[in-house]
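Residue numbers (UniProt numbering), protein chains in the order written: chain S, 1 to 511; chain Z, 1 to 511.
These are calculated hints, taken from the structure and not from any lab test.
One should not assume that every hint holds.
Pairs involving identical chains hold if they fit within one copy or between any two copies, as the list cannot separate such chains.
[To be verified] Derived SDA-like pairs (lysine to any residue); straight-line CA-CA distance at most 25 Å:
#1 Lys31 / Glu393
#2 Lys216 / Ser199
#3 Lys31 / Trp399
#4 Lys407 / Gly316
#5 Lys216 / Arg195
#6 Lys216 / Pro201
#7 Lys31 / Gln462
#8 Lys407 / Ala25
#9 Lys407 / Val212
#10 Lys407 / Arg449
#11 Lys216 / Ala202
#12 Lys31 / Ala21
#13 Lys407 / Glu468
#14 Lys407 / Gln462
#15 Lys216 / His227
#16 Lys407 / Gly246
#17 Lys31 / Ala16
#18 Lys31 / Glu461
#19 Lys407 / Ala217
#20 Lys407 / Gly111
#21 Lys31 / Asp395
#22 Lys407 / Glu344
#23 Lys407 / Asp368
#24 Lys407 / Ala17
#25 Lys31 / Ala467
Only a predicted model underlies this, so the values are computations on that prediction, with no experimental measurement involved.
Number of protein chains: 2
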Amino acid sequence: MTEIAHLLESPAEQIAATVDAAARAAASWAKTSRTDRANSLRAVADAMNRSADDLIPIVDSETALGATRLTGELARTVHQLRMFADVVEEGTYLEVAIDHANLDAPVPISGDIRRWLVPIGPVAVFSASNFPLAFSVLGGDTASALAAGCTVVVKAHQGHPRTSDMVLGIARNALRASGITEDIIGLVHGREAGRSLISHPAIAAAGFTGSVAGGKALAELAHARTHPIPFFGELGSQNTFLVSSGAADARADAIADGLANSVLLGNGQFCTKPGLVFLPASPSGQRIVDVLADRIGSRPESAFLTGPVRDGFVAGIGRLLDATGLTRLAGSDTATAPSLWECEPALLGDEVLEECFGPTAVVVRYRDQHELSGLLDRVDPALTATFHTEQHERDFTTWILDTIAPKAGRIVANQYPTGVAVTASMHHGGPSPSTTNSQHTSVGATSIRRFLRPIAFQNVEQELLPAELRDMDGAAVLRRIDGTLSFNSRTSTGIVSSVYPNLPQLPRETP
Amino acid sequence: MTEIAHLLESPAEQIAATVDAAARAAASWAKTSRTDRANSLRAVADAMNRSADDLIPIVDSETALGATRLTGELARTVHQLRMFADVVEEGTYLEVAIDHANLDAPVPISGDIRRWLVPIGPVAVFSASNFPLAFSVLGGDTASALAAGCTVVVKAHQGHPRTSDMVLGIARNALRASGITEDIIGLVHGREAGRSLISHPAIAAAGFTGSVAGGKALAELAHARTHPIPFFGELGSQNTFLVSSGAADARADAIADGLANSVLLGNGQFCTKPGLVFLPASPSGQRIVDVLADRIGSRPESAFLTGPVRDGFVAGIGRLLDATGLTRLAGSDTATAPSLWECEPALLGDEVLEECFGPTAVVVRYRDQHELSGLLDRVDPALTATFHTEQHERDFTTWILDTIAPKAGRIVANQYPTGVAVTASMHHGGPSPSTTNSQHTSVGATSIRRFLRPIAFQNVEQELLPAELRDMDGAAVLRRIDGTLSFNSRTSTGIVSSVYPNLPQLPRETP
Numbered sequence: 001m002t003e004i005a006h007l008l009e010s011p012a013e014q015i016a017a018t019v020d021a022a023a024r025a026a027a028s029w030a031k032t033s034r035t036d037r038a039n040s041l042r043a044v045a046d047a048m049n050r051s052a053d054d055l056i057p058i059v060d061s062e063t064a065l066g067a068t069r070l071t072g073e074l075a076r077t078v079h080q081l082r083m084f085a086d087v088v089e090e091g092t093y094l095e096v097a098i099d100h101a102n103l104d105a106p107v108p109i110s111g112d113i114r115r116w117l118v119p120i121g122p123v124a125v126f127s128a129s130n131f132p133l134a135f136s137v138l139g140g141d142t143a144s145a146l147a148a149g150c151t152v153v154v155k156a157h158q159g160h161p162r163t164s165d166m167v168l169g170i171a172r173n174a175l176r177a178s179g180i181t182e183d184i185i186g187l188v189h190g191r192e193a194g195r196s197l198i199s200h201p202a203i204a205a206a207g208f209t210g211s212v213a214g215g216k217a218l219a220e221l222a223h224a225r226t227h228p229i230p231f232f233g234e235l236g237s238q239n240t241f242l243v244s245s246g247a248a249d250a251r252a253d254a255i256a257d258g259l260a261n262s263v264l265l266g267n268g269q270f271c272t273k274p275g276l277v278f279l280p281a282s283p284s285g286q287r288i289v290d291v292l293a294d295r296i297g298s299r300p301e302s303a304f305l306t307g308p309v310r311d312g313f314v315a316g317i318g319r320l321l322d323a324t325g326l327t328r329l330a331g332s333d334t335a336t337a338p339s340l341w342e343c344e345p346a347l348l349g350d351e352v353l354e355e356c357f358g359p360t361a362v363v364v365r366y367r368d369q370h371e372l373s374g375l376l377d378r379v380d381p382a383l384t385a386t387f388h389t390e391q392h393e394r395d396f397t398t399w400i401l402d403t404i405a406p407k408a409g410r411i412v413a414n415q416y417p418t419g420v421a422v423t424a425s426m427h428h429g430g431p432s433p434s435t436t437n438s439q440h441t442s443v444g445a446t447s448i449r450r451f452l453r454p455i456a457f458q459n460v461e462q463e464l465l466p467a468e469l470r471d472m473d474g475a476a477v478l479r480r481i482d483g484t485l486s487f488n489s490r491t492s493t494g495i496v497s498s499v500y501p502n503l504p505q506l507p508r509e510t511p
Numbered sequence: 001m002t003e004i005a006h007l008l009e010s011p012a013e014q015i016a017a018t019v020d021a022a023a024r025a026a027a028s029w030a031k032t033s034r035t036d037r038a039n040s041l042r043a044v045a046d047a048m049n050r051s052a053d054d055l056i057p058i059v060d061s062e063t064a065l066g067a068t069r070l071t072g073e074l075a076r077t078v079h080q081l082r083m084f085a086d087v088v089e090e091g092t093y094l095e096v097a098i099d100h101a102n103l104d105a106p107v108p109i110s111g112d113i114r115r116w117l118v119p120i121g122p123v124a125v126f127s128a129s130n131f132p133l134a135f136s137v138l139g140g141d142t143a144s145a146l147a148a149g150c151t152v153v154v155k156a157h158q159g160h161p162r163t164s165d166m167v168l169g170i171a172r173n174a175l176r177a178s179g180i181t182e183d184i185i186g187l188v189h190g191r192e193a194g195r196s197l198i199s200h201p202a203i204a205a206a207g208f209t210g211s212v213a214g215g216k217a218l219a220e221l222a223h224a225r226t227h228p229i230p231f232f233g234e235l236g237s238q239n240t241f242l243v244s245s246g247a248a249d250a251r252a253d254a255i256a257d258g259l260a261n262s263v264l265l266g267n268g269q270f271c272t273k274p275g276l277v278f279l280p281a282s283p284s285g286q287r288i289v290d291v292l293a294d295r296i297g298s299r300p301e302s303a304f305l306t307g308p309v310r311d312g313f314v315a316g317i318g319r320l321l322d323a324t325g326l327t328r329l330a331g332s333d334t335a336t337a338p339s340l341w342e343c344e345p346a347l348l349g350d351e352v353l354e355e356c357f358g359p360t361a362v363v364v365r366y367r368d369q370h371e372l373s374g375l376l377d378r379v380d381p382a383l384t385a386t387f388h389t390e391q392h393e394r395d396f397t398t399w400i401l402d403t404i405a406p407k408a409g410r411i412v413a414n415q416y417p418t419g420v421a422v423t424a425s426m427h428h429g430g431p432s433p434s435t436t437n438s439q440h441t442s443v444g445a446t447s448i449r450r451f452l453r454p455i456a457f458q459n460v461e462q463e464l465l466p467a468e469l470r471d472m473d474g475a476a477v478l479r480r481i482d483g484t485l486s487f488n489s490r491t492s493t494g495i496v497s498s499v500y501p502n503l504p505q506l507p508r509e510t511p
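One chain only, chain S, in its complex shape (with noise of 0.2 Å):
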């Protein structure tokens, strides 16, 4: 009965619904006070920590990724979700700025002025196939719009419609527990009822974890709106794979080990798995490529995450079969095992240059720096791009990370671009075609960033405005006064101890 239930669209009257009541609840969470805001997304992360014996069962008979894979993404999303109340609570991302009016100034500041930011409005988020749990309805999407202070309509992913629907619970519970009301989350479910929620005029951003085709259909909508509204979408990528000729000779065994795991992770199913390989045209880079064929090409089929996932990965393992200057070096005549391939480096075209979801790779090898750098030009910018070199490679190396860099959200030396970590320094996302906006990461702390927007208040009354932005200030967070950073520290009674000792001075010139 779920299952059947699942395959139909949510109603049109219930979508409504959804966005009308989260629409409803968006100026009280907003207005929640941070640490109020931390405690509750702590209530939900730990009532899905809870939740481990139930859930994940259910996630797995969904998505078959094996407990093991599910109980470290449940800790992730966990994670997530905690380390969003943390960033809560520490106030830097409010990007407090206070100027004090000063006639005087070059340019006149008739009344106080303060900035921060403040929640955007309610956000539409759009689950991802392949993190059921840490990209779906209470994934680093949600957990992020709902930390900036937005309420969030989720669009269940068809993959796991039960897992979706579990988790919702889960969340709505928690949150009514913690004297919140549940309507600051809300759940859709099919294709209609996304593109409906990305162009209904009380959502104001998006977040989109998925497709080039599905993301980029999305953002034409979140264009087309009479208001547009920002639309993070991260669609995915061909991550290039570098070996030099020293670290092939180096390390060739051990590249390829390394390698072999990173493309079959998660059957292959990861925006960062490495898709484009790199070598040099050497026996060290032979070796690579023997030793990467054996490992790719003895791995039996795992199964995909959904049938469009696999009906994807089939198309384009038929784009490699059908282009010319291919060779097939490891996988079998079935489309759905793990396969390998080469590319002649003269022939490398479209069909390579674009990502194939799955358990695949292909290789390419260069004769010389010239050669690769005719390569690189013709790559897309990506997610990810990982090299391989050898400290005495120091002009290669330099080399390559000023030719890579603008064409990547993240840099990987010596390791292997599978597996994000979820941190204040990550940044996952990178330049059109990898994701809709290249300024803003879908993964860590300063994710946050997209659901916020500033504004600045002048001359409006201390008192009416919130602790933060006041001179006298309950709440410890940095803030900009005057030009110079300050901090209010607090004692351990509670008591702010002083107004504003004076960060270290940052190098000011005055004009």
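Go by the hints and put chain Z onto chain S.
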């Protein structure tokens, strides 16, 4: 000769050559040290400052803004360049975050990750008509883009081509003298030049200040590219100005005076001009109307910036004349004269809700908070919203703040919206339709963020990375290291005195 030449479009070859030069200069400018970049910006600022006597007569001949206003605007332009030099030198804008490898983290960190913001690439800047210096060739968009490390191609505004050429010459000479290639800034003329600029594959982002129609057309082109680029358009807005009954009772004449000045400043040609005035239907409200009508009606006609701006104003006045429910309270039959209108509350419609760029405003009188609430519901988001209330009207003021905050970028209390400070706290932006991107500002220190994108380096040797990303760091900038904000101080001799003197510990709960 010059004027005739400028009515022509820049030839296609010249546009291509200008963009190519900016693209070629991009990598070296992006790599310039922050000190060198700051010094170059200061050199350009100084050169502008020294050129006042030559420059201002030419700007005045093209814009009729007068020497007083233009002297002030030049000072603002110089200040903007110097402010961004300070921003670059201070370095907080880089958003540096470093996390060291930690396999025991809740989500493992497999290698050191070092994130900062890098220049997005060559930027197209579309000059504004109404700020021939401060939002033109060396205006805020250009200054923030250059500060970010991006090269710039400016599309000159047709209203001041000679000014544009002269300022370009000042900039390029000053850059050359400071040892920087002058190709980091170029200039093209003409509408077609603007269109080809925004569609050029080498252009990575665009800043625009101008009309709704022009901005939307360019936004379409930016979105339609094979690889869409961020388009930061400030399209102007119909700014709300609201007076409570208490404020009207207490200071009708002063409010009317200040409001008249704000409406008429620069002949009404400011994006922040208060165009939609809500007054209480009371005797003191009537007093404001009377004084306002007197001030506006007695103001002689002034020159418009350009023919198209005048034509646009005349068309807007035509819409008001044709609309039902509107009465002219001040002004002559000459459409270009300053004018004041009143609109019946029940008939508040599109003609009035749309900006009319020039010396005019529309008054709407409300009987009570309920009626005002219905009226404000119909108002579009704008760059600013202003209210005048009294201290004893605390509940009303709180309600106003809550009601208008979702619809404005800057909220002004008991002052006037024209006159924008250039500070870290300023926000000059707002939700659609006032801008094409509500998440960023076009004025103030944080406008630099428009032209930056994040990048993360994982496990890359520190020696290959810029100083800002190394553990031992000669460049003192605020950084988040392993989650905690840190700062490297330096002694007066310029030597790093300690590596991580802790900032006051930010409140962090560890889960």
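Results for each hint:
1. Taking CA atoms no more than 25 Å apart as the test, Lys31 paired with Glu393 passes between copies only; the shortest distance there is 21 Å, against 55 Å inside one copy.
2. For the identical chains of this complex, Lys216 and Ser199 are neighbours both inside a copy (14 Å) and across copies (19 Å), given an alpha-carbon limit of 25 Å.
3. Proximity of Lys31 and Trp399 under a CA criterion of 25 Å is satisfied inter-copy only: 14 Å between copies versus 49 Å inside one chain copy.
4. In this assembly of identical chains, Lys407 and Gly316 lie within 25 Å of each other by CA distance solely inside one copy; the values are 23 Å within and 46 Å between copies.
5. Taking the closest pair of Cα atoms, Lys216 and Arg195 come within 25 Å of each other both inside a single copy (12 Å) and across two copies (23 Å).
6. When the C-alpha separation of Lys216 and Pro201 is checked against a cutoff of 25 Å, the pair qualifies both within a copy, at 20 Å, and between copies, at 19 Å.
7. Within a single copy, Lys31 and Gln462 get their C-alpha atoms as close as 16 Å, which meets the 25 Å cut-off; across copies the closest is 43 Å, which misses it.
8. Proximity of Lys407 and Ala25 under a CA criterion of 25 Å is satisfied inter-copy only: 17 Å between copies versus 40 Å inside one chain copy.
9. With identical chains, the CA atoms of Lys407 and Val212 are at most 25 Å apart within one copy only, with a shortest distance of 17 Å there and 33 Å across copies.
10. When the C-alpha separation of Lys407 and Arg449 is checked against a cutoff of 25 Å, the pair qualifies both within a copy, at 22 Å, and between copies, at 19 Å.
11. Taking identical chains as interchangeable, the C-alpha atoms of Lys216 and Ala202 lie at most 25 Å apart whether they share a chain (21 Å) or sit on different chains (21 Å).
12. In the homo-oligomer, the alpha carbons of Lys31 and Ala21 lie at most 25 Å apart inside one protomer (16 Å), although the nearest pairing across protomers, at 49 Å, exceeds that limit.
13. Within a single copy, Lys407 and Glu468 get their C-alpha atoms only as close as 38 Å, which misses the 25 Å cut-off; across copies the closest is 21 Å, which meets it.
14. Taking identical chains as interchangeable, the C-alpha atoms of Lys407 and Gln462 lie at most 25 Å apart only when they sit on different chains, with a minimum of 20 Å there against 46 Å within one chain.
15. Taking the shortest alpha-carbon separations for Lys216 and His227, both the intra-copy value of 18 Å and the inter-copy value of 11 Å come in at or below 25 Å.
16. In this homomeric assembly, Lys407 and Gly246 come within 25 Å of each other (Cα to Cα) only inside a single copy, at 24 Å, whereas the closest approach across copies is 59 Å.
17. Taking CA atoms no more than 25 Å apart as the test, Lys31 paired with Ala16 passes inside one copy only; the shortest distance there is 24 Å, against 50 Å between copies.
18. Proximity of Lys31 and Glu461 under a CA criterion of 25 Å is satisfied intra-copy only: 18 Å inside one chain copy versus 44 Å between copies.
19. In this assembly of identical chains, Lys407 and Ala217 lie within 25 Å of each other by CA distance solely inside one copy; the values are 23 Å within and 28 Å between copies.
20. Only between protomers do Lys407 and Gly111 lie at most 25 Å apart by alpha-carbon distance; the minimum there is 21 Å, versus 44 Å within a single protomer.
21. With identical chains, the CA atoms of Lys31 and Asp395 are at most 25 Å apart between copies only, with a shortest distance of 17 Å across copies and 53 Å within one.
22. With identical chains, the CA atoms of Lys407 and Glu344 are at most 25 Å apart within one copy only, with a shortest distance of 22 Å there and 56 Å across copies.
23. Proximity of Lys407 and Asp368 under a CA criterion of 25 Å is satisfied intra-copy only: 21 Å inside one chain copy versus 57 Å between copies.
24. Taking the shortest Cα distances, Lys407 and Ala17 sit within 25 Å of each other only across copies (24 Å), while inside one copy they are farther apart (42 Å).
25. With identical chains, the CA atoms of Lys31 and Ala467 are at most 25 Å apart within one copy only, with a shortest distance of 12 Å there and 40 Å across copies.
Checked against the numbered hints above, the structure violates none of them.
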